[in-house]
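Trainee: Each chain, letter by letter, is given below.
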Amino acid sequence: MKKGTLKQILLLTDGCSNQGEDPVAIAALANDQGITVNVIGILDDDQSEQPEGLEEVEAIAMSGGGVSQIVYQKALSQTVQMVTKQAMTQTLQGVVNQELKQILGEKQTFEELPPDKRGEVMEVVEDLGETCDLEVLVLVDTSASMTPKLSTVKEALFDLSLSLNARSGNNRFSIFCFPNKMKPIHKLMDWTPELDGISKVFPKLASGGITPTGPALKEAMYQFGKKSLFGSMKHASEPYEETGY
Amino acid sequence: MQVNHTKKLVTNLKRGTIIRGKWNGTQYQVIQKLGEGACGIVYLCERNGVYTALKIGTDSSRIITEVNVLKTFQKVQGKRLGPSLLDVDDWVTPAGVTYPYYVMEYLKGQELASFLHGRGKEWLGVMMLQLLSDLEELHEQGWVFGDLKTDNLLVTSPPPKLRLIDVGGTTKIGRAIKEYTEFYDRGYWQGGSRKADPAYDLFALTMVMMEVAHGRRFERGANPQQTLEKKLQQLELLKPYRRLIKKAWHGEYSSSYEMKKELSSILNGPSKYKMMENRHTRVSRRKEARKTSFAAAELGVIFLSLLLFYFLFSIIAW
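As you go down the protein sequences, you meet chains A and B in turn.
Sequential numbering of the first sequence, starting at 1, is according to full-length UniProt numbering.
Sequential numbering of the second sequence, starting at 1, is according to full-length UniProt numbering.
Excised from the complex, chain B in its bound form:
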């Protein structure tokens, strides 16, 4: 368990390398690198014609911590949160170095930003609604996702479905958040503690929206809260969600369900709490209605005059 300072991350496994488990003897053939995280590297592998994602690291304790979380997710009935766990083992390299790894189902998908690119504005809201449903499930099981960020989201399709992929930050409710990324962290923006509660994830979710709308992450500046408010005001894409986002920033949602309900009512058109912003559209709609009645009146006038003409004409002809 002593941290081995000389053990380097296995960053360059060649295509075709065989990873054989020390305990189970299961073999995986490396196809290509998929990504790199703080505690390991994910490779696309193949076993008996099936693609899998294999995460290999140096620090056994961190790998095992993630495995523990993934195992809890498997226990959850019904809905699947995160990728399913297939195997846990150690790989002893030909040079005799032992590396811990685990194997997950391979989720093929697109990054959120590239998925949203060129699609209608409503997709952001729909994706966030899906994310809130998953978070709700997770929170009900007593967990907080923690390191929620665009890198840890994947859109699989069809049908388009947002999936959570890296569980490294997942923390039991009430504990200190295990892993976070500053831009998404409530503490970094001086919006509250780093204790795991549902509102922590909801804050991070709004920052996913901010990043997507802004196109990139940004610095907090001297006055973090003000920076956020200003950016939110500038981002046209987020206009319908301004109130929702601000409420999440101020910790006004104690559960994902509350936030989901409000987001859903925004997406489903006008509702009671949107009255203020909707007055404008309703007024114009009334104008439109007036326009239609004008048109009807005009038609009536034309019809009547035609009738009159016909009358006059027939009198003259007669």
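Next up, chain A with everything else stripped away, as it sits in the complex:
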């Protein structure tokens, strides 16, 4: 299989959306465009495991074809990199599954294969995960309740680039935040291979109580198309875009 690019949105939030389109629907839309949506719900240290509003976290990720996790701040770094990698494997497996179906028939999936064959397929998936290119758009909820968590978020994102840049494939990251007075999302950092400059980009803003997650996700989706002539929209339905070299 040729080298390709995986596209992911990583949404970091601590609450439920309360304005605009349903983020679960937008996530489905993104997934259809070949973008995986991962969501991490961040708990306050004194919060219980099952806070209200965070059910949405799992729903968005499920419909976005991605992975979700609800964590305390302490575990954020390790979770962010794990979720991203897990989602990569998941997407790649999905692609391989499609191929298997084409070769072996509609009913043949990875899990139906005998263990030996499964091992061989997994080696291919692993190779792809190591070498494929990856684009991660980080979408940070910077509403008032998130403000005290932003330094942890910063640390976790820096850690993410450490993990991903250990791969042989290329990475590109960009960071956006929401809500914003004028637009659904605000660009904090343009597409870049490293997140070294991250310490400077986080604003000390404390917006009101609105969380328009849906509109923010929708706008984030468009950012993949904007960055180059050969953007993601060309092979919109392909989750694993083959760039053909």
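Among these hints, one or two may not hold up.
What the hints assert, rightly or not - Result set (DMTMM-like, lysine to aspartate or glutamate): computed pairs, CA atoms no more than 25 Å apart in a straight line:
1. B:K246 x B:E105
2. B:K71 x A:E130
3. B:K71 x A:E106
Said to hold, decoys possible - Incomplete in silico selection of chain A near chain B, CB under 10 Å:
4. T89
5. V125
6. R167
In case anyone wonders, no lab produced these hints; they're calculated from the structure.
Heads up, the beta-carbon is just placed ideally off N, CA and C, and yes, glycines get one too.
Chain A is fixed; fit chain B onto it per the hints.
Mentor: Quick look at chain B alone, frame taken from chain A:
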């Protein structure tokens, strides 16, 4: 291959449950739970009177990845790294849910910390020497263990032998480390990348020593490197290894062999590079030597005076 969100980990298999393989038909009887990892649960099972360790998970891809690593280990001639792989299969529960599992040899042993408890200080060094030998073997085969931590070590005996037990993090050299635990991770302590190279494992090995000496793991704080240096200075048990540990932190060992050689020379007593720290002991040894000669002189004096007395006495008597 789609991740099934409703599939829950099989955490509560009762004693006596029969796990029957979908592909091989082999049967295992559950005895008790041994441990729980990120991607599965390990049960002690019995088959034809032989104990085995059976790891069952939900995510087929992760289970298979571990199987692939274990298989590579089997190919390695001679020394055995990790537990040997006995069987790979799927279990279809009476409710119709399929769970992937694999079966390993059952290693009975003790956790490293409880093994070291109450034993002489030298045991830590000896255990680390064994670990370095295994890592050396692994690195030579082109692998890095990755998730090296106390939970993944077991001391089997007799004779006491440190074994690596969970291969979930094992990564080909040059790739991104597959799985890690923050406390042992070079990246977490800002000591380097997460690319798999032998030095990654050596860093983690020093953190095993730190944890054992400190009694528990600790946070990195605002200045991770400084936190480490400070802790190392405080830990008396690690005094002989300070230089060794620091060198590993700074990535000065490119292979386990180099580190093993130095550790071995520390354990085998004074050597060239330990001169500085050993001057003290050598001085005292010299003092001791002087003491012995004093004693000899004293004995001589006593003997001579006795002789003199005898002389004088015999003259008087005569």
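Trainee: Evaluate each hint against the coordinates.
Mentor: Hint check:
Note on B:K246 and B:E105: the hinted pairing is violated, with a Cα-Cα distance of about 36 Å set against a maximum of 25 Å. For the proposed pair B:K71 and A:E130, the alpha carbon gap of about 20 Å is at most 25 Å, so the pair holds. Annotation: proposed proximity of B:K71 to A:E106 is violated, straight-line Cα distance about 30 Å (limit 25 Å). Taken as an interface hint, A:T89 checks out: its beta carbon lies about 6 Å from the nearest beta carbon of chain B, inside 10 Å.
The beta carbon of A:V125 comes within 7 Å of a beta carbon in chain B, closer than 10 Å, and the hint placing it at the interface holds. The interface hint given for A:R167 holds, since its Cβ lies 4 Å from the closest Cβ of chain B, which is under the 10 Å cut-off.
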